[in-house]
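Student: Chains as they are written, first to last, in our numbering: chain A, 5 to 119; chain B, 0 to 108.
Derived by calculation from the structure, the hints in this document are not laboratory data. Note that the coordinates shown come from a computational prediction; the quantities given were computed from them, not determined experimentally. Heads up, a few of these hints could be off.
Claimed, not checked - Short, incomplete list of chain A residues facing chain B, as computed with Cβ under 7 Å:
hint, residue
1, Trp11
2, Gly47
3, Arg98
4, Phe107
5, Gly111
6, Ser112
C-beta atoms are modelled at their ideal positions from N, C-alpha and C, and glycine is treated no differently.
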Amino acid sequence: SQTIHQWPATLVQPVGSPLSLECTVEGTSNPNLYWYRQAAGRGLQLLFYSVGIGQISSEVPQNLSASRPQDRQFILSSKKLLLSDSGFYLCAWRGDSRNGYTFGYFGSGTRLTVV
Amino acid sequence: TQLLEQSPQFLSIQEGENLTVYCNSSSVFSSLQWYRQEPGEGPVLLVTVVTGGEVKKLKRLTFQFGDARKDSSLHITAAQPGDTGLYLCAGAPYNNLFFGTGTRLTVIP
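Okay, chain A solo, but in the shape it has when bound (with noise of 0.2 Å):
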């Protein structure tokens, strides 16, 4: 089966200091895989995405980048955190059913507090 790991879950950083976020697939090979921030109680927002390794695609431009060195590993960057930058950050891998059907399987996700 697969999973999706994601970490560290909760991570406090002072402004101005480098963010990596790391997630990884397992049970699957050459999947879609995004990263998502989510305030407080909302929607999620897209940030990236990835059809596969080397390849980024950027939704909205930020504080922040993403790369992907290989084909289950998904790493979300940042050289200089804002305290904008907050929030709930998730990662997730584009599943498709044997009918087609499109759905996502997500991380635990990680709480980034910037101070």
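Place chain B on chain A using the hints.
Tutor: Chain B only, in chain A's frame:
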């Protein structure tokens, strides 16, 4: 650009009441999904609707896909405190997976 708008944004009801949450878009989707999310966790898929006009039932939850495949609704019958959570609709145009603005449901015992 927000592709999916949900309403209401917040909903607080008494246990046993019925409710409906709406998900609307100006875009046509090949399918729409509904998720529920608990605090501090990732969303969990509830259902996928594919055919225009399709109705799917999951116990007390009824999901409907609009005839034009631009909108969907979630109806909960006799809500229970365990239904409390954030409900999200999502669509997947091309390689993306976009989520709605979310509906925060609170069911009061």
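Student: Run the structure past the numbered hints and jot down the numbers of the failing ones, going up.
Tutor: Hint check: 1 fails alone, others pass.
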